[in-house]
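Please construct the entire structure, taking both the sequences and the accompanying hints into account.
Chains A and B are the protein sequences, given in the same order. Each number in the working numbering comes from the position in the first sequence (counting from 1) with 5 added on. Each number in the working numbering comes from the position in the second sequence (counting from 1) with 17 added on.
Since the hints were derived computationally from the structure, they do not count as laboratory data. Keep in mind that a hint or two might mislead.
To be verified - Okay, derived cross-link-like pairs now, DSSO-like style, lysine-lysine, Cα gap no bigger than 27 Å in a straight line:
id	chain 1	residue 1	chain 2	residue 2
1	A	Lys141	A	Lys34
2	A	Lys141	B	Lys231
3	B	Lys217	A	Lys129
4	A	Lys312	A	Lys327
5	B	Lys57	A	Lys141
6	A	Lys252	A	Lys231
7	A	Lys327	A	Lys392
8	A	Lys266	A	Lys235
9	B	Lys143	A	Lys141
10	A	Lys259	A	Lys235
11	A	Lys35	A	Lys54
12	B	Lys217	A	Lys141
13	A	Lys116	A	Lys141
14	A	Lys195	A	Lys210
15	B	Lys231	A	Lys54
16	B	Lys143	A	Lys345
17	B	Lys217	A	Lys121
18	A	Lys195	A	Lys35
19	B	Lys143	A	Lys312
20	A	Lys121	B	Lys40
21	A	Lys54	B	Lys143
22	A	Lys345	B	Lys231
23	B	Lys231	A	Lys116
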Amino acid sequence: MGDVILTMKGIDKSFPGVHALDHVDLEIKKGEVHALMGENGAGKSTLMKVLTGIYSKDEGTITYEGKEVEFSNPREAQDAGIVIVHQELNMLGHLTVAQNIFIGREIMNGKLIDDKRMNEEARKLFDQLGIDIDPKETMSRLTVGKQQMCEIAKAISHEAKVIVFDEPSAALTEAEIEELFKIIRDLRDKQLGIVYISHRMDEIKVITDRVTVMRDGGYVGTLITKDCTKDDIINMMVGRVIYEDPKTESAVAKDAPVVLKVEHLNAGRMVRDVSFELRKGEILGFSGLMGAGRTETARALFGADPKESGDVYVNGQKVEIKTPQDAVKCGIGYLSEDRKRYGIVVAKTVAENSTMASLENYMKGLFIDKKKECQVAQEYVETLKTKTPGVDQLVVNLSGGNQQKVVIAKWLVRNCDILIFDEPTRGIDVGAKSEIYQLMNELVAEGKSIIMISSEMTEILRMSDRIVVMCEGRKTGELDIAEATQERIMHAATLRD
Amino acid sequence: MTDKKQGNAFTNNPIVRAVGVQKIVVVIVLIALVLFFCVKSTSFRQYTTILSIMDYTYYLAFLGMGVTFCLITGGVDLSIGTGMFCYALIGGYLINQKHAPVIVGILVTILCGLIMGTINGLIVSKGGHAPFLATLCTMMIARGLGSIITGGASITWPVAGSPNGWTRTLFKIDMGGTKLPLGFLWVLILAVVMSIFLNKTRPGRYIIAIGSNKEATRLSGINVPVYQTLAYVISGFFTGLAALAYSSAFQSMTPGGGGGIELNAIGGAIIGGTSMNGGSGTIAGTILGVFIMSVLQAGLPLINIQANWQQIIIGVVLIVAVYIDVLKNKKLA
Chain A
6 MGDVILTMKG IDKSFPGVHA LDHVDLEIKK GEVHALMGEN GAGKSTLMKV
56 LTGIYSKDEG TITYEGKEVE FSNPREAQDA GIVIVHQELN MLGHLTVAQN
106 IFIGREIMNG KLIDDKRMNE EARKLFDQLG IDIDPKETMS RLTVGKQQMC
156 EIAKAISHEA KVIVFDEPSA ALTEAEIEEL FKIIRDLRDK QLGIVYISHR
206 MDEIKVITDR VTVMRDGGYV GTLITKDCTK DDIINMMVGR VIYEDPKTES
256 AVAKDAPVVL KVEHLNAGRM VRDVSFELRK GEILGFSGLM GAGRTETARA
306 LFGADPKESG DVYVNGQKVE IKTPQDAVKC GIGYLSEDRK RYGIVVAKTV
356 AENSTMASLE NYMKGLFIDK KKECQVAQEY VETLKTKTPG VDQLVVNLSG
406 GNQQKVVIAK WLVRNCDILI FDEPTRGIDV GAKSEIYQLM NELVAEGKSI
456 IMISSEMTEI LRMSDRIVVM CEGRKTGELD IAEATQERIM HAATLRD
Chain B
18 MTDKKQGNAF TNNPIVRAVG VQKIVVVIVL IALVLFFCVK STSFRQYTTI
68 LSIMDYTYYL AFLGMGVTFC LITGGVDLSI GTGMFCYALI GGYLINQKHA
118 PVIVGILVTI LCGLIMGTIN GLIVSKGGHA PFLATLCTMM IARGLGSIIT
168 GGASITWPVA GSPNGWTRTL FKIDMGGTKL PLGFLWVLIL AVVMSIFLNK
218 TRPGRYIIAI GSNKEATRLS GINVPVYQTL AYVISGFFTG LAALAYSSAF
268 QSMTPGGGGG IELNAIGGAI IGGTSMNGGS GTIAGTILGV FIMSVLQAGL
318 PLINIQANWQ QIIIGVVLIV AVYIDVLKNK KLA
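Structure, rendered in structure tokens:
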């Protein structure tokens, strides 16, 4: 490790209602690989966005190469030599590799673009990195791994001095990760400063020199990687926060009937051989870090995405779920994490949304029985204590928590016995949160069963009777609530294969 | 895992890859169509039919070339059909009723296209309207505007042989009794120029980039609204040219007409391999696609297929072309 190239000090950033970064420090030296770690929502990405000028900071200083800097957009940061290799690749699939690398700064020959020279220059970059990619190939024809290499080549062509890798390995195969690490080591030896964001504990140990841990938008500490253990890092990530009334033991009898059984479910890269059981009256928590494949599992189970293989049993009966329609017929309801896109029709009324999944029961001949529709909607507004001036109110005018209640009503009207709650309290304020929790508890008390996907550790520990932990499309742990701790969950959530 | 997604021997052939599978298919279909009509109809084999196909081709080719740029950005321009009529009406009105010099009429026609294109582009890029809706509105505006300016009267541009009739020779020149399709030359020249513009200049490259991934293009430090607007300006300019081609080939234009022609042009572009989802498309493909449309339009009446059936056949051809586009996108995903 050499001299310090980049220092972020006392970085503070608030969004309306959220204190996203609370005086965070980060120091990057030349020739080091510096890991940035933390749970979901710890503020890693926000910090990097402040660094590269996507967000402006409220307080604090950024010192780069001895001078205080403030970039107002990613382009300025790039020109200064700070580049992010994004997790979601920012590629132009229809253009060639070389055209992608030089987008916005094409090599010109008079008024015309000199594609030949761009190809040559790209070739030189790849030679320098020791990777074999044809610069003339169309970007979308490359594998994700190769596309990532192109992004790195692009970063280097900007004469980058600091490169931020945002979960670079998430989509790569074993062999591609090896290749990536080789490149990162080369870059380190060339005295670049490298920030490496990843959830994979074993990778951190292999590739990084120092680790900075963040928690809840705050700075926890920086460690020398080779002097610390995985447990040290996990302890720093989860902290010693006392969470509000966690569940201590399951309320479900050990012999409660199994209402849903999933065996060897496979669907793409994100769902690999997932098996689990859901008992009557149980809340089964699905925990894991971003990109663990929890939502993908739910969507494949629900028939929203195609599955490759796997058996599903509802109440002991084997069922074929190919479309969401099939799932609804089996009594499964899915509350999407992205309410506005998949959960409700915001421009329709509470009543119309409530009957959307079961409209055939609210028909009078060819027409919708508006009266019956309003009656049932009203009934559920009262049971769920939805705050709305009336059932004819447009859903768009309700708060997040009350919108969520309308989605719940939709599935209750349909009489679903198995409910999948995907991030049930995302974007919902604290008061409404506890109402949703109470509601979920009431539902299971009535004999419904719930699968709850949540990225919030508090929520998982407070609500679940049992916890399934996933990592990279595989189930890496199953814990009874009595034995579950943050540390054990985080351990499983960072377990590779 | 392999480095490249698999293709078969045909699609991986370097020549096929360079030209594009769809263009090869379109050429084959075009040849097959011409042969079919030649066998079925004696009148199709006549020189006058070729001239008539050309008359249909010029304006469609111009409209197609222009709208290809909008389609590549992931947008569309629906105002080109009624726009073409509107600008030709305005230009013709100035020449006939206001006795303006013909050259002024021509320039005003093209200027109208440029103005409308700029308006479309600004509504889409700055106003944030969906291209479909924005250009649907300007399509209606163009329809009304043409009527208002001519006072509801039909307009015929000066006929061949009349003192101001030289516009008629812009696209079809009389060489010692034989009429030569001069317009074909203009189409070819412009196609080459626009092809180079699309593939070899920065604005062209950025128009493709916007259609491929708008956000990534923005993050690359490219001024997206400028190039998005440019696509519509190009479309407007070519609509102006199409208005000239149309008024030099055909007799009278009725105010409020031209609706539906945009779909033939867009259809030609899509048959030629331009994607409705943006990011890909070629000028050569559009020209070939437009030829299919015009051969159908000239050929179907000659084998005694009624006008209504012609519409249905063209509709089916478009469904097939769009389906190919859908299949292509699935492969990319």
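Check each numbered hint against the structure and report the violated ones by number, ascending. Hint check: 1, 5, 6, 7, 8, 9, 10 and 19 fail, others pass.
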